[in-house]
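Peer 1: This is what each chain is made of:
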Amino acid sequence: MSKDMMAAFELYQPDSVDGAIELLREAGDSGWALAGGNDSLDWFKDRVKRPGTIVDLSGLDELKGVRELPDGGIEIGALTTLTDVENDALIRERYSLLADAAGRVASPQIRNVGTLGGNLCQDTRCWYYRYGVDCYRAGGDSCYADSPQGQNREHCLWGADRCVAVSPSDTAPAMVALDARMVVRNADGDREVAAEDFFIGPDIDIERMTILEPGEILTAVRLPAEWAGARFYFEKVADRNVWDFALVSIAAAMVVNGDTIDRIRIAAGAVECVPRRLSAVENAATGQPKNAATAQVAGQAAIRGATPLNFNHFKIPLLQNLVTRAIRDA
Amino acid sequence: MSDKHETQGMYPEPAFDRGGDGGDGAAAPIASLRASRRQFIKGVIASGAAVSGAGVLIGCSGGDGGASAGGVERMIRLMVNGVERTVDVLPNETLAMTLRYKLNLTGTKLGCDRGECGACTVLIDDVASYGCSMLTHSIRAKAITTIEGLEGADGSLHAVQQAMIDELGPQCGFCTPGQVMSAVALLRSNPNPTRDQVRMALSGNLCRCGAYDNYTNAVMRAAQNAAQNI
Numbered sequence: 001m002s003k004d005m006m007a008a009f010e011l012y013q014p015d016s017v018d019g020a021i022e023l024l025r026e027a028g029d030s031g032w033a034l035a036g037g038n039d040s041l042d043w044f045k046d047r048v049k050r051p052g053t054i055v056d057l058s059g060l061d062e063l064k065g066v067r068e069l070p071d072g073g074i075e076i077g078a079l080t081t082l083t084d085v086e087n088d089a090l091i092r093e094r095y096s097l098l099a100d101a102a103g104r105v106a107s108p109q110i111r112n113v114g115t116l117g118g119n120l121c122q123d124t125r126c127w128y129y130r131y132g133v134d135c136y137r138a139g140g141d142s143c144y145a146d147s148p149q150g151q152n153r154e155h156c157l158w159g160a161d162r163c164v165a166v167s168p169s170d171t172a173p174a175m176v177a178l179d180a181r182m183v184v185r186n187a188d189g190d191r192e193v194a195a196e197d198f199f200i201g202p203d204i205d206i207e208r209m210t211i212l213e214p215g216e217i218l219t220a221v222r223l224p225a226e227w228a229g230a231r232f233y234f235e236k237v238a239d240r241n242v243w244d245f246a247l248v249s250i251a252a253a254m255v256v257n258g259d260t261i262d263r264i265r266i267a268a269g270a271v272e273c274v275p276r277r278l279s280a281v282e283n284a285a286t287g288q289p290k291n292a293a294t295a296q297v298a299g300q301a302a303i304r305g306a307t308p309l310n311f312n313h314f315k316i317p318l319l320q321n322l323v324t325r326a327i328r329d330a
Numbered sequence: 001m002s003d004k005h006e007t008q009g010m011y012p013e014p015a016f017d018r019g020g021d022g023g024d025g026a027a028a029p030i031a032s033l034r035a036s037r038r039q040f041i042k043g044v045i046a047s048g049a050a051v052s053g054a055g056v057l058i059g060c061s062g063g064d065g066g067a068s069a070g071g072v073e074r075m076i077r078l079m080v081n082g083v084e085r086t087v088d089v090l091p092n093e094t095l096a097m098t099l100r101y102k103l104n105l106t107g108t109k110l111g112c113d114r115g116e117c118g119a120c121t122v123l124i125d126d127v128a129s130y131g132c133s134m135l136t137h138s139i140r141a142k143a144i145t146t147i148e149g150l151e152g153a154d155g156s157l158h159a160v161q162q163a164m165i166d167e168l169g170p171q172c173g174f175c176t177p178g179q180v181m182s183a184v185a186l187l188r189s190n191p192n193p194t195r196d197q198v199r200m201a202l203s204g205n206l207c208r209c210g211a212y213d214n215y216t217n218a219v220m221r222a223a224q225n226a227a228q229n230i
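If you're matching them up, the sequences are chains A and B in order. FYI, my numbering numbers position 159 of the first sequence as 159, with every residue one higher than the one before it. FYI, my numbering numbers position 143 of the second sequence as 143, with every residue one higher than the one before it.
Read the hints as simulated data drawn from the structure, not as lab findings. Just so you know, even glycine gets a beta-carbon here, dropped at the ideal spot from N, CA and C. Any given hint might turn out to be false.
What the hints assert, rightly or not - Once the Cα atoms are required to be at most 20 angstroms apart in a straight line, the calculated EDC-like pairs of lysine to aspartate or glutamate come out as: (1) K142/B <-> D84/A; (2) K64/A <-> D126/B; (3) K142/B <-> D61/A; (4) K49/A <-> D141/A; (5) K142/B <-> D88/B; (6) K49/A <-> D259/A; (7) K49/A <-> D262/A; (8) K142/B <-> D239/A.
Unchecked claim - Short derived list, chain B residues pointing at chain A, Cβ under 8 angstroms: (9) D113; (10) Q197; (11) A201.
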């Protein structure tokens with residue numbers, strides 16, 4: 001079967017966020033919010049997802065751009081392109097961690113069109129799932145990746161619960177490290193959710209990766225003043241520097257006073273279904289001198305409890321090294 | 001060899017297995033013309049049977065892809081290479097399909113159709129973008145530039161195109177239109193790039209011949225000859 005032509009759908013192009021929410025609410029489970037389209041169109045071409053109603057958000061200018069908040073933080077509209085996030089002067093000045101992460105997504109053309117919200121809300125890359133098999137995440141009753149012959153080099157070290165897929169987003173770990181607030185709007189209005197709570201694992205809901213329900217849109221993210229201008233470290237390791245998703249990524253924010261690490265938040269991507277906040281590393285590093293010895297201890301703390309699958313043991317030393325570098329070089 | 005290449009770049013088989021729009025009946029006459037599908041497509045478009053013909057070919061007839069009440073209008077105006085074109089666009093149609101199969105602008109190539117190769121790169125308001133990965137309806141209000149829109153009114157080549165020839169940039173040439181569009185986007189925003197900046201700007205375009213250095217040389221030369229047209 002050829003898979004190139006997308007199945008037919010109804011396309012709506014609302015001119016307000018509330019209009020979009022109303023359309024998505026009416027469409028229910030058959031609705032799909034479309035931003036940049038880079039991930040969505042692949043799903044449709046492969047016929048794995050066949051929504052009946054597409055709500056194209058790309059015309060909603062109110063969800064684009066970067067605004068300064070009164071408290072010194074900033075708010076980034078969810079439809080701001082990754083290129084704009086990467087190059088925005090305010091983001092680069094105060095939260096270069098996020099600019100660096102956005103600049104490592106996929107390829108230039110994808111960053112030019114792809115949005116911050118889309119990058120955060122994209123679905124997992126487990127190829128069994130994306131191929132359209134009836135795995136747990138697709139509503140079935142098995143996991144093809146976590147089987148004796150399953151190819152799971154890219155899969156998780158933590159949080160397996162029937163499904164072993166990982167969060168593919170490069171910007172999501174940065175959001176957790178920056179303690180971002182996600183602004184979610186539905187018919188009842190806006191609410192703020194901590195980045196850490198926005199992403200959910202299979203133990204909470206195996207068929208989605210964020211808390212978003214039908215009829216809800218991520219409209220913006222707010223970065224708190226608390227971490228503005230902190231010392232940052234972002235690194236993504238992938239098979240190729242362009243296009244590929246992370247094998248492991250690390251995002252760290254820290255405030256250093258003299259030689260001492262006063263505060264630190266650090267998160268890893270592609271090791272769990274959610275960006276994994278490394279609380280053990282934070283505990284090991286807080287109040288410690290920022291030096292090689294602390295970095296080494298922090299690296300060891302990062303991998304405690306990691307449970308590899310058949311083909312992803314390499315992620316454990318990789319994560320350890322990235323954490324060590326982050327503490328040492330931030 | 002070259003035939004095979006062309007076939008890979010087109011939509012290979014999508015139309016022929018689709019039920020619901022008489023695909024079976026249409027398959028035989030189309031299959032007999034596969035030796036020169038490009039001529040066939042152009043012929044269909046020129047004959048005025050564009051909607052039904054292209055519909056079968058790319059797997060969607062007017063019947064199953066139409067917008068319902070409340071959805072988008074299908075007849076839309078697009079600004080392509082400085083000319084306003086009126087086109088019948090399905091809701092589920094990508095820009096690359098519209099350009100190739102509705103507007104006959106076949107310089108925009110389709111390689112992977114998944115945003116992974118860059119052969120479909122076009123400029124949307126001067127920004128390099130994958131034509132395969134956006135709905136045509138999403139960019140109605142914007143200016144589209146394809147490889148056909150680069151040459152001057154007198155037929156002279158764009159500085160990047162000329163430099164590609166001078167530096168023997170392409171080998172097989174299939175990815176070249178996309179590479180050129182990425183380079184033009186770069187030079188419009190950064191007329192004096194470093195070699196690394198050129199590499200970065202072309203990093204979203206695959207070349208299976210591996211002619212990356214030649215492409216980079218060509219873009220550096222185009223920047224040096226920059227006075228014209230950029």
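Peer 1: Taking the hints in turn, state whether each one holds.
Peer 2: Do the hints match the structure? See the list:
A C-alpha spacing of about 18 angstroms is found between K142/B and D84/A, which places the hinted pair at or below 20 angstroms, so the restraint holds. This hinted pair checks out: K64/A and D126/B have alpha carbons roughly 19 angstroms apart, not beyond 20 angstroms. For the suggested pair K142/B and D61/A, the alpha carbons sit about 14 angstroms apart, so the restraint of at most 20 angstroms is met. Annotation: proposed proximity of K49/A to D141/A holds, straight-line Cα distance about 18 angstroms (limit 20 angstroms).
Taking the CA atoms of K142/B and D88/B, the gap is about 17 angstroms. The hint holds against a cut of 20 angstroms. Between K49/A and D259/A, the direct Cα distance comes to roughly 52 angstroms. Violation of the 20 angstroms bound is thereby established for this hinted pair. Our distance criterion of 20 angstroms between C-alpha atoms is broken by K49/A and D262/A, whose separation comes to about 46 angstroms. A C-alpha spacing of about 35 angstroms is found between K142/B and D239/A, which places the hinted pair above 20 angstroms, so the restraint is violated.
Interface restraint check: D113/B against chain A, minimum CB-CB distance 5 angstroms, threshold 8 angstroms, status holds. Given hint, Q197/B at the interface with chain A, is violated; its Cβ is 11 angstroms from that chain's nearest Cβ, farther than 8 angstroms. Interface hint at A201/B: satisfied, since its Cβ lies 6 angstroms from the closest Cβ of chain A, which is below the 8 angstroms cut-off.
Of the hints listed earlier, those the structure fails to meet are numbers 6, 7, 8 and 10, in rising order.
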